[in-house]
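Asks: Taken in order, these protein sequences are the chains called A and B.
Its first residue numbered 1, the first sequence is counted upward by one per residue in my numbering.
Its first residue numbered 1001, the second sequence is counted upward by one per residue in my numbering.
Keep in mind the hints are simulated off the structure, nothing from the lab.
Every residue, glycine too, gets a C-beta built ideally from N, C-alpha and C.
Some hints could be false.
Stated by the list, open to error - Derived DSS-like pairs (lysine-lysine); straight-line CA-CA distance at most 30 Å:
#1 62/A with 126/A
#2 1492/B with 127/A
#3 1381/B with 62/A
What the hints assert, rightly or not - To spell it out: a stretch of chain B is covered by chain A in this simulated footprint if at least three of its residues, at any positions, have a beta carbon under 8 Å from a beta carbon of chain A; those stretches are:
#4 1017-1028
#5 1127-1138
#6 1162-1170
#7 1183-1193
#8 1204-1210
#9 1466-1477
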Amino acid sequence: MIFQLAFNIILTVFLIYCYSYIGATTSSSVSPGDIGEAAWPQTLIALTVFFLILNILTLFRKIPKEDRSLSNIDGTYFVNFFKSKLFVGMLILFIYSRVLGSIGFIISSLILFVSYARLLGEKSPKKLVITSLIAVTIFYIVFGVGLGIMLPRGTGVFRSFALFIESLF
Amino acid sequence: MELLQMGFGIVFQPTTFLFIVLGTILGVIFGSLPGVSASMAVVIALTFTYTMDPVVAIAFLAAVYCASITGGGITAILFKIPGTPASAVTTFDGYPMTARGESDKALGISLVTSAIGGMFAALAMLLLAPQLAAAALKFGPSELFAVSMLGLSVLTALDSGNLYQTIISALLGLILATVGMDPMTGAARFTWGNSTLLNGINLVPVMIGMFAVSEVFKQTVKPTKLEKVDKTENEGKKVKGKLVSIKEMWAMKITLIRSAVIGTAVGILPGAGATIASFLSYTAEIKSSKTPEVYGTGEPKGVAASETANNAATGGSMVPLLALGIPGGNAAAVMMTALTLKGVQMGPSLIRAQPEYLSSVFASLIVSNIVMVIIALQIAKIFSKILNIPYSVLGTSILLLSTIGSFALSSSVGDVQLMVIAGILGYAFSKAKFNIAALVLGLVLGGMCESNFRRAAMLENGNIINVLTKPITLSLLIAGIAIILVPVIKDKIAQKKSV
């Protein structure tokens, strides 16, 4: 419930900002008959904010009266998120997407496979290494070689490594 | 007849046929794995289509979609694990049949009825889509705008328990579709100075993120527990390959017809899809039965009702996609994106201008439904082995496939980052009880809604009242509002009565 409320409130605030942003960044002069560049998104945002407020009120009403105080918000809920497997998983994938371009597909995917499979419960280091090598090789052969998809090569030494692997096929 | 010849001519070309068989194998395997929904199977399979001809691509994706729904039924019967949500109902009677040693019969019923449902829906698609497209060709921009809004309203009505969240999700999808260049003036909107956003939000990475990556996140938090299959237990679940008899099938003819009609009709509704179809069909089956108490204890008709309907919904969802350019569900939305990427103009004129799409999808559905029975039966024999793949390998492989699928589209690492962001947002959305299907449908239909609305406004010199009060437009919009409000009013009346 706390998460839902917080999510709805943040979304409302963000959309109100978007409403003013689109009004400020688009031209007001329009061709004859056209409703303009901002009118459509602004109408949608206004409607969304209206329903978000209704949703927030509905969610708020579901909270027992005695609990409707800011002091009752349990901060540990949010703190625990940053310690959770989910956050670590999101972080791993986010870092992977950031380094994919510079490290290249092969190396970064091997690291992703080992770390995410470990997060999902695989404990044996031997299995982690073998399965990641097999999986990345299969994906590389099927998509990179078979379907001719140019997978990221990376830069510098990683690029040289990717080119070496490519020369093998 | 010409359409049929053309369709089978395309499908029986060696490459196309090979891809349909490959799609069926992939679909059955993906569909059987818990944590991989039918939409996810189609979105993952999208990666294979980048180098394909568009007609082959849609035939391949249709085969994956159809087979993944059937694959979900096999694990539902053998291990009480629905591979896809659409197969959840199959566990009610399928697993009790397995428990009493009738796994062959249950599987036979499931596969044959799935094929019958799929073929019935394909036939309905062939007959209905051209009529619907012909009617839609008479529509102007205001009517097409109203049709898309009607599609979105159906979606909200199907989730009346979460009405506000579903409406908000659809609206957010429409808002996200406005990112990029204005369709009329070319002005930048919501780009925050980022030139890559000028082309708008790339649908494929968003869909992959929302359907595949967010699902892996869910499994990271709460993994689906797979039943460990020991040797003695597995003996009773061994599939010998003996299918159901014609006599047994004939005894279920009414169930088959009813479920196929329900499945197709539900599939046509935007957003409804296979899960709702199977639940509705099962409920209808119980209500019309003289012995409703036998359902849930291993009644073959229960398996037939669920499996016929969920496969019929796959063909049904193709009707609005091919006739109007409005996807009938998540998987159809992915297919629409795949075709749009290949430069195919979706909309009512598609069937008239390029009838090969309708005919190839039809032929693909017919062929894949037949091939599926043979393939699924073979795969069922080795299912315990497939199910023993640990999620640590499966989940991470899904992430790699998702990465390749997002990257390969335009060789852009930015698309992979977009996929990750969409995955995180998709997870947060489902946690906040928003409707991801509505959001994606809004995103897919957003461009069409806006450009039609603005074109209609220009034709009426900016008079919006005139746009909205055209007879067909007004009727469609009133129907849309009624679809949203009726379940809410019904709920309120029921609540008052109970007080």
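Asks: Report holds or violated for chain A covering the stretch 1183-1193 of chain B, Cβ cut-off 8 Å, minimum 3 residues.
Replies: holds (count 6)
Asks: Given the hint that residue 1492/B pairs with residue 127/A, test it: the Cα-Cα distance must not exceed 30 Å.
Replies: violated (57 Å)
Asks: Can you confirm whether chain A covers the stretch 1127-1138 of chain B, using C-beta to C-beta distances below 8 Å and requiring at least three such residues?
Replies: violated (count 0)
Asks: Given the hint that residue 1381/B pairs with residue 62/A, test it: the Cα-Cα distance must not exceed 30 Å.
Replies: violated (50 Å)
Asks: At least three residues with a C-beta closer than 8 Å to a C-beta of chain A: is that true for the stretch 1017-1028 of chain B?
Replies: With 0 residues closer than 8 Å to chain A, the stretch 1017-1028 of chain B misses the three-residue bar; violated.
Asks: Holds or violated: the stretch 1466-1477 of chain B covered by chain A, criterion of 3 or more residues with Cβ-Cβ distance under 8 Å?
Replies: Violated: only 0 residues of the stretch 1466-1477 of chain B have a Cβ under 8 Å from chain A.
Asks: Tell me if chain A covers the stretch 1162-1170 of chain B under the three-residue, 8 Å CB rule, please?
Replies: The restraint on the stretch 1162-1170 of chain B holds, since 4 of its residues have a Cβ under 8 Å from chain A and three suffice.
Asks: Holds or violated: residue 62/A and residue 126/A, Cα atoms, limit 30 Å.
Replies: Given pair residue 62/A, residue 126/A is violated - Cα atoms ~50 Å apart, limit 30 Å.
Asks: Examine the stretch 1204-1210 of chain B for residues whose CB is less than 8 Å from any CB of chain A, and state whether their number is three or more.
Replies: Since three or more residues must qualify, the claim that chain A covers the stretch 1204-1210 of chain B is violated, with 0 doing so at under 8 Å.
Checked against the numbered hints above, the structure breaks hints 1, 2, 3, 4, 5, 8, 9 and satisfies the rest.
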